[in-house]
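As given, the protein sequences belong to chains A and B, one line each in that order. Residue 268 in the working numbering sits at position 268 of the first sequence, with consecutive numbering throughout. Residue 918 in the working numbering sits at position 337 of the second sequence, with consecutive numbering throughout.
Note that these hints are calculated values from the structure, not bench results. Please note that a few of the clues may not be correct.
As the list claims (entries may be wrong) - Mimicking SDA-like on lysine to any residue, the simulated pairs with C-alpha atoms at most 20 Å apart in a straight line are:
no.: 1; chain 1: A; residue 1: 378; chain 2: A; residue 2: 456
no.: 2; chain 1: A; residue 1: 148; chain 2: A; residue 2: 158
no.: 3; chain 1: A; residue 1: 378; chain 2: A; residue 2: 357
no.: 4; chain 1: A; residue 1: 148; chain 2: B; residue 2: 1015
no.: 5; chain 1: B; residue 1: 942; chain 2: B; residue 2: 880
no.: 6; chain 1: A; residue 1: 148; chain 2: B; residue 2: 1012
no.: 7; chain 1: A; residue 1: 148; chain 2: A; residue 2: 91
no.: 8; chain 1: A; residue 1: 378; chain 2: A; residue 2: 397
no.: 9; chain 1: A; residue 1: 148; chain 2: A; residue 2: 159
no.: 10; chain 1: A; residue 1: 148; chain 2: B; residue 2: 1016
no.: 11; chain 1: B; residue 1: 942; chain 2: B; residue 2: 1004
no.: 12; chain 1: A; residue 1: 148; chain 2: B; residue 2: 1020
Read off the chains here:
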Amino acid sequence: MTGLSLALVLILPGLLTVALASPALRAAAWRLVPLAPMPALALALMTAPDSAPVLRSDWLILGTELGLDSVSRLFLAFTAVLWIAAGSAARHWMRDDPRAAAFGICFLMAMTGNLGLILARDAASFYAFFALMSFSSYGLVLHERSDKARSAARLYIGFVIAGELALFAGLALTAAQAGSLLLSDLRASAPDGLAALLLLAGFGVKLGLVPLHFWLPPAHGAAPVPASAVLSGAMIKAGLFGMIATLPLGVTAFDDLGPLVMSAGLVTIFAALLLGVQQTNPKAVLGYSSVSQMGIIALGLGAGLLAPEAWPAILPALVFLAAHHALAKGALFLGVGAVAAQPDGRGRWLMLVALALPALVLAGLPATSGALGKETLKTALAAGSAVWLPWLVVALTLSGIATTLLMARHLFLLARQSPPAPQAVAPEAIALPFLGLALGAVMLPALWPWLAGSAGAPLAQAGTGPLWPVAAGLAIALGAGLDAHARRIGPAVFAAQLLAPFRAARARLTRVVAVRQRALRRLSVQVPRQIAARTLEWRLAQTAILVLIALVMALHLASEPRASVIPDSPGTSGAVTEGNL
Amino acid sequence: MTESATLLILILLTSLGAAPVIFALPESAARLRTAINLTMATIKVALVGWLALEVGQGARHGLSFAILPGLEFRLQADPLAILFIALSAVLWLITTIYSVGYLERGPHRARFFGFFSLCVGATVGVALAGNLFTFLVFYELLTLATYPLVIHRGTAEALRAGRIYLIYTLAGGLVLLLGTLGLWVLAGTTDFVAGGIMADVAAAQPLAAQALFVVLILALGVKAALVPLHRWLPIAMVAPAPVSALLHAVAVVKAGAFGIIRVVFEVFGIETVRELGLTMPLAALAAVTILYGSVRAMTQDDIKKRLAYSTVSQVSYITLGVALAGPVAAVGALAHLIHQGLMKITMFMAAGNLAEALGVKRVSQMDGVGRALPGTMLAFSLAALAMIGLPPLAGFVSKWYLAQGGLAVGQDWVIPLLLGSSLLNALYFLPMLHRAWFRDAPEAEAPRPRIGWMLAAPPLVTAALVLAAGLMANAPFSPLEWTRFIVELEYRE
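Given these sequences and hints, build the entire structure.
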């Protein structure tokens, strides 16, 4: 039963590939493409965390074994989710593409390889699936046939071949030492330095570790949106998975390779930042961001190589970081398509705001999966080399700034000029998978304990992580944006622009003041005039009253003698009054 | 004569006996000729299957009669012979179908199929030969039978190629005759015996033994296309596609490689060769050939020429595995005898289809052919990826065993050699696949070309075998399992 479900994971995409090649079945097959990874997801979710289903066939290749364990289960889960999202986006993205069938075939073959290599438990079938995935992705990178896509594809296939050769040699050497093809025996046999180096190089190509990264940003930039989502989200993790599957991590200490990988990781994190912010293609910026993130993974890997005793703690952190990056980066890539597919400016801005979510998750906003993963890794690293620890912790913290800057650059480029989308694509057809993955990225810390079982425990104890790297990143991005703006338009104009608000305020103030002054002036004229007028009125009134009083007085005096009130002059005024009245 | 000897004779007769009948038939009796060809080829596959079952169970069939005192004509069916016969029987059937389709309206079909049967009959003889003398007889017959096939088209170029082919192979044959005489003189017999017959001679006269080894390898190296004796092979590719397919995959080139296997394992014995200090020079020669062939293949624009140089390179894997002198490498070498045959015949038939249906003969014309001939190009792609050594295809299994074999005997340089070869293979095969699948055809082409099933099916069948030989490498009766069985026997002695 479990064997059947393991086989079904591979059979369904395989059958769909064949169906897609036949013109009669093509339309129906495209409809099923998003469902092709469903058996894988179901298998990953329904397998109990500690059970290990195995399917063995001695006849196949050199004795094939497929199976699932607690680590590969998690890889299978997030890989399947990503392929489902990318598949549903691809179905619509490719609707009117003349080369849709070729894309679909390559897409499904790469999917088969990617899911298969997670299940593989022997070197031959692992190598087969890895090669299937790598070589069929050539068609995904090349798909658009533009000059950019052509040169990216050429670079890609060159690195793929080099990686495959290194893997062949590494696996051959390791298998010769182990005397077995089973990956578990390979891990236990402790390969010598050369074999381990070859394996590291072979998988390092896929992981994009500096200096093996040259292919990655152009390829992820050139591939159509759904393809770059899986390239950057799912397939890049095959490099990590391969290292975990083949190297004796936690068994043997590699005193040379550990520091080598850690140094490569350190360089990778920040070199990718420096290279990435110079890009003008938003998807290439995302590609560099992936490189930078894989640098973080390499820090953990290197620490594990150097100090096997720290590996049991590092491994869950790395798996969590891988799942976190898969979902967030998948969402970011699909988001590019979602922005591009929006018909109007309002929808675009909405999508851009939604895109800020996975971007912040990736940058490691406190309590998001990005921050939790890094904090868990920091805790795990404490059990490793004391010499390297401070450097690693600093690098992990600073990587938050790096990612924030790359994300800011990405969103800025996307906002300034949205990349082209196919004519026929319905806006919601891309937006839905994008939002789904973004939601997944945001919800990951909550889902993880349920998904990972005991492996999720260290995460629960991790701190929420600092805010300042993201804040610093944003501040630097803002400053850099202003600086760039100033450079673009020249200092004088910029100064003018900078002062413009003040000028405007002053002008407004001046106007207000002028109005007030005018009013005052008007007042200063009016008031005296009024006063003068009043005064005049008053004076007249006063005069009139005085005159009246004087008249009254005079009349009174004149009438005094006839007054009877006062004996000496009685009746004068009364007489007058009476006489006048 | 026992029942078992009858079986061997019957197998020989299915192809050798068919030849005179076919020669005798008039040119116009195409249906009858095809019927005879296919019946014989089918019977042969069945007989070989039966023989393989018996040999697998431990039976050893043989037959011999003396020509001169001490010089026997000797046939024997050991597991190594079965390996080669099985390859030639299966591929003969497939190639016959393909040839019938390919030469449908061409002239001189009676001549062609007659020599074709002779050629396959000679191959069977080479495989079944129980001593170097018998081997020599059939080896020469093979040369003579393939010459008319190479010059079949009768053009000036074909005649020139035939001449060069004849000069090289006849000279090689002559040297082989000398070697056989030398062996007879030194060892008193020319029998193929597991573990070799030269141990005593090598101890007594090491210099003579060394000289004899060099002579024999040089003689066989002509057909096995070891550098610098390879020049005839890329020139002989002017032959019709099915001939090239058979020449490169089964008959001529493999006869040389098979001869080298016989000489190293059953005339000298691998221990003796090692004691004579000759394994390393042979391995070095093979290594040089592997790289040289690939480098030359890269610059060829003619598809068949590119494939021919690739053959030069790939066949030397067999020699390399033998010369590494370890059981694991030997498994790789012997398995590659089959695997290379399957891969290369697929590619030549696909190249023939491209030329037939589209007139595409050059790599630079291959743009968009995947869309025009999807089945053929699918087969070609599988074979090419197998050549590069990608699992789960046949080529991976050979390369893996060669790598493991090299490491097992402490010859770590095999790994970089294999990597270099794989890289070169990728460099000259992947651009062809890129053109076929990822480029658009130059202009709106004529209505989709039709090729009959007799052309379309054979490369698909052999490509399926390439896949099966890799995917089911560990299954019973897979080429790999059979070679493990052989090597177990060789190294037990």
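Status of each hint after checking the structure:
1. Among the hinted pairs, residue 378/A with residue 456/A is consistent with the structure: their alpha-carbon atoms are about 15 Å apart, no more than 20 Å.
2. Between residue 148/A and residue 158/A the alpha-carbon distance is near 16 Å, which keeps this suggested pair within the 20 Å criterion.
3. About 24 Å separates the Cα atoms of residue 378/A and residue 357/A, which puts this hinted pair outside 20 Å; it is violated.
4. Restraint check for residue 148/A and residue 1015/B: the C-alpha separation of about 16 Å stays at or below 20 Å, so the hint holds.
5. Restraint check for residue 942/B and residue 880/B: satisfied, since their Cα atoms lie roughly 15 Å apart, inside the 20 Å limit.
6. Between residue 148/A and residue 1012/B the alpha-carbon distance is near 18 Å, which keeps this suggested pair within the 20 Å criterion.
7. Note on residue 148/A and residue 91/A: the hinted pairing is violated, with a Cα-Cα distance of about 24 Å set against a maximum of 20 Å.
8. Distance restraint check for residue 378/A and residue 397/A: the Cα-Cα separation of roughly 9 Å lies within the 20 Å cut-off, and the hinted pair is therefore satisfied.
9. About 17 Å separates the Cα atoms of residue 148/A and residue 159/A, which keeps this hinted pair within 20 Å; it holds.
10. Using a Cα cut-off of 20 Å, the hinted pair residue 148/A and residue 1016/B holds, with the two alpha carbons roughly 18 Å apart.
11. Only pairs whose Cα atoms come within 20 Å are accepted, and residue 942/B paired with residue 1004/B is rejected, the gap being roughly 24 Å.
12. For the proposed pair residue 148/A and residue 1020/B, the alpha carbon gap of about 15 Å is at most 20 Å, so the pair holds.
Hint compliance for this structure: hints 3, 7 and 11 are not met, and every other hint is.
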